[in-house]
Amino acid sequence: MDLDLAKLAVNYGLSLGVDYVEARLHRTIEVGCLLKNSTPEPTILADSFGLGVRVRYKGALAFGATNILSTQSIKDLVEEVFKRAKASINLLGEPIKFSCEEMGKGVWSAEEKEKLEDVDVQTMLNLLKELDNEIKNGFHGVSFTNRLLMVETSVEEKFYTNSEGAELRSRVPRVSISSFINATYDGRNHTITIPAGYAALGESGGWEVVKRLDPLTFFKEEGSNLAKAVKSTLNPPLEPIDVILGPDVVGLVAHESSGHPAEADRILGREGAQAGESYLKIDSLGLRIGSSEAYVSDDPTIPHSMGFYLYDEEGVKARKRRLIEGGVIKEYLHNRATANTFSTKSNAASRSVAYNREPIIRMANTYVEPGDYTFAELLEGVKLGVYIKSFMEWNIDDIRMNQRYVGLEAYLIEQGELKAGVKAPILEVTTPKFWSSVDARGKDLQFKAASCGKGDPMQGAPVWTGGPHIRLRSIKLGVR
Amino acid sequence: MDTEVTASEVLDHLVRLGAEDASVIAAQIWERMLRFNNNALSVTKSIKDVVVFVYASIGRRRIIGSTSNPTQNALKDFVFRLIESCKMLEPNPHYTHLPKGPFSYPTHGNYDPKIESCEESLLEDYAKQIIDQAIQKGGKRTAGTITAEASKLSIVSTGGVRQSDRSTRILLNQRVFIDDASGHGLACSTHLNTFNPLKAAEEAAQYAKKAVNRGPWSEGVYDIVISPTVAADLIQHVGEAASAFAVESGISFLADKLNEQVACDLFTLIDHGVVEGSLNTRIFDDEGVPTRDNVIIENGVLKTYLHNSSTAERFKAASTGSAGIIAPHPWNLEVNAGSRSLDELLKEVGEGFYITNNWYTRFQNLRSGEYSTLPRDAAFYIKSGEVKHAVAGLRISDSLPRQLKNIAATTEERRWIYWWEVQTPTLTPYMLIKQTKVTKAVG
Chain A
1 MDLDLAKLAV NYGLSLGVDY VEARLHRTIE VGCLLKNSTP EPTILADSFG
51 LGVRVRYKGA LAFGATNILS TQSIKDLVEE VFKRAKASIN LLGEPIKFSC
101 EEMGKGVWSA EEKEKLEDVD VQTMLNLLKE LDNEIKNGFH GVSFTNRLLM
151 VETSVEEKFY TNSEGAELRS RVPRVSISSF INATYDGRNH TITIPAGYAA
201 LGESGGWEVV KRLDPLTFFK EEGSNLAKAV KSTLNPPLEP IDVILGPDVV
251 GLVAHESSGH PAEADRILGR EGAQAGESYL KIDSLGLRIG SSEAYVSDDP
301 TIPHSMGFYL YDEEGVKARK RRLIEGGVIK EYLHNRATAN TFSTKSNAAS
351 RSVAYNREPI IRMANTYVEP GDYTFAELLE GVKLGVYIKS FMEWNIDDIR
401 MNQRYVGLEA YLIEQGELKA GVKAPILEVT TPKFWSSVDA RGKDLQFKAA
451 SCGKGDPMQG APVWTGGPHI RLRSIKLGVR
Chain B
481 MDTEVTASEV LDHLVRLGAE DASVIAAQIW ERMLRFNNNA LSVTKSIKDV
531 VVFVYASIGR RRIIGSTSNP TQNALKDFVF RLIESCKMLE PNPHYTHLPK
581 GPFSYPTHGN YDPKIESCEE SLLEDYAKQI IDQAIQKGGK RTAGTITAEA
631 SKLSIVSTGG VRQSDRSTRI LLNQRVFIDD ASGHGLACST HLNTFNPLKA
681 AEEAAQYAKK AVNRGPWSEG VYDIVISPTV AADLIQHVGE AASAFAVESG
731 ISFLADKLNE QVACDLFTLI DHGVVEGSLN TRIFDDEGVP TRDNVIIENG
781 VLKTYLHNSS TAERFKAAST GSAGIIAPHP WNLEVNAGSR SLDELLKEVG
831 EGFYITNNWY TRFQNLRSGE YSTLPRDAAF YIKSGEVKHA VAGLRISDSL
881 PRQLKNIAAT TEERRWIYWW EVQTPTLTPY MLIKQTKVTK AVG
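Chains as they are written, first to last, in my numbering: chain A, 1 to 480; chain B, 481 to 923.
FYI, nobody ran anything at the bench for these hints, they're computed from the structure. Please read all numbers here as calculations on a predicted model, not as lab measurements. Do not take every clue at face value.
[What the hints assert, rightly or not] Pair ranges (Cβ atoms, derived):
no., chain 1, residue 1, chain 2, residue 2, range
1, B, E600, A, G453, 30 to 40 Å
2, B, E778, A, P303, 20 to 30 Å
3, B, V922, A, K419, 20 to 30 Å
4, A, T39, B, M481, 30 to 40 Å
5, B, E699, A, G453, 26 to 36 Å
Every residue, glycine too, gets a C-beta built ideally from N, C-alpha and C.
Start from the sequences, fold in the hints, and give me the full structure.
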């Protein structure tokens, strides 16, 4: 990576008279292996490398990118981006300004022991074969008729610099493992994924991540659990009952109904035509949205996390953000532009997934903070309820108010004890109803890896979603 | 950069290093985007990329790669890594050779040099007109994206394939807001002279106005009329399910249904590599096979899955020109036109809803097709064939196979739909679907 190319872009932008310019050399090398019904599909090797440039001129913002990394090409790009910014001044509303921030300098990286560059593709395929061997015969009379297993590694390296003095080099390797399975029982077919909910086992780090995740044990146990789940025939009680949610469900709810609506660009309407806006408004800080047990945070600095970073794509130092505190909206996710609009400081939420993608406000690792309860203690307090451990289908409206999660592995709770499996209970609930119904949180914080979609062109950002078990009081579940 | 030269050089290098079957696609992609919200511009984007896609095999071992690092040295390094990785793999028991050319390719007119040259202030001028139109027609604020794209693709392969193609498209995706109400408009075209963003802006504003006065509704099973935007969102999942890869992976509700009735007999679904106005025009697939018109569903009967050469051999079928090296997929879907008007469809509804836009379609069970999706922007309650009032907070919760069979009528009018939420361009009419479950959130 020739760092001078990014510096050239910044210096050339300044010589043209822009008010602000940043340049990001961004390279991601990915390797993906697929095993379909025990047979390898072609292995995938992808190398994405180029330069993204963003300028601000008289309040107009323009972004551009190229992967032709010659001096002339980069100068052409900077000129083009400058030209586009100038051409758009007449269409501006309020001129875009950035909050004043301390700019980062130096080198940061995720912890990495066994470099992914040293892992050959057959080693990755062998892992999938071992996983396939654990599950291919199915469990409890349920056949795993079709199986698509995937392992992906990526190494993301960046050099970021801007006209305010930021100079940051970074390296984040990641590993993730996921699957699609068609489970057949009694003549019926059911899609399940391991992990459930179209998620992945994933962490940042080198190949040692595989040892930490122990996917063989996970696939075997989860395969067995989900096989039992597809045999469930019992409908949930239809009157209001208590509901215990597993960490996978809780993490997704935190991401969808707390993280996304707290993105300040959505609140300001910038994603209005794509991912939508937010039920939160500019003046919603301090709004009570849930019970005193509702605590949600987003933290890019968690070691080993998929969404790990120490500085964002604007050179600002990352930190934990508490989004909901005791049921009250506490903080939004900001970049420098939204921070300026809100008269606050950026909390380093600006991310970009590739050189040719504009940095925008993103979550990193969003989770419900753990409480004091053991799982047994959560159960003890339930006379009649349903435990929804995992899900498959979910969605939420474009202001993040009306959401739905459909259970995959779920059980009836009677007098504090888990009973028979429940078939596909539907939790379809408004955001205030959900967070107001939380009455207890477990100690057992867990995370899953996911890809979060936002932006235009689309950017799938690696994130963790997480939480402990939580208990909701008086919830009406639905059935299909 | 000359894509033909780049593709040829990479292929030569692959062969020199031992590749037996290989194909290379070099793509030059140019994109300009302008985004606006709250009646003002938020950002412009200009992206120029060269991406090289490679497939190679050695001794029945198969690997694919893509690189956007297109200098000569970087390409050589990439090819070397690809070949070395390929050698480590085990032979594939289902190996098939790349199809042998030369082939005869379809031609098309889906390229407009005026989009590629994109005069100085073209998108900015459009943005100003679109924002003004939205406000003049009654909107309070508007957000959207105008995108102009041009691409040139060149393919070469060890199967004797050598072909290039160019295409363009220009797109508007816009929402107009009046307080909590909103309307959606789309304009999608391959040529500037057929691009009509002002009509889309006007339609979005009109829907927003109609969506202001909302009334009550209850959960239940209803007849629904869906716009082409909603229909396209659902139909793209039918296209995905038609991929032989999805069938083999057990994630298709069309598995085991070949030659069976999977939809009402009004319904015919065709996939085209090339058709007038197609927004993802391809004359060749990723194996160099000419694309063609594939009738996936004819009068409700499933006629074929979409194949590359590898899936075709396992299914004892022929390639449909739909490769994806790993997963065959549709290029541009077309639902046949009906004979009715939108008004006639609405009049047929005893009690139900008219839904103009949706998002976030997710499946509980890909194999059975059970899913839900969220209407957004304008939606209306209909009683005895009359639109009574706007509604909000609906969710469609049903099964795609069941709904395909419950299509009762479609319109003569069709539209190309391609936007943030619909990633397979789809030409489709409005549809009346009987007996659809609609739910609402508690709280």
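Structure versus earlier hints - violations, ascending order: 2
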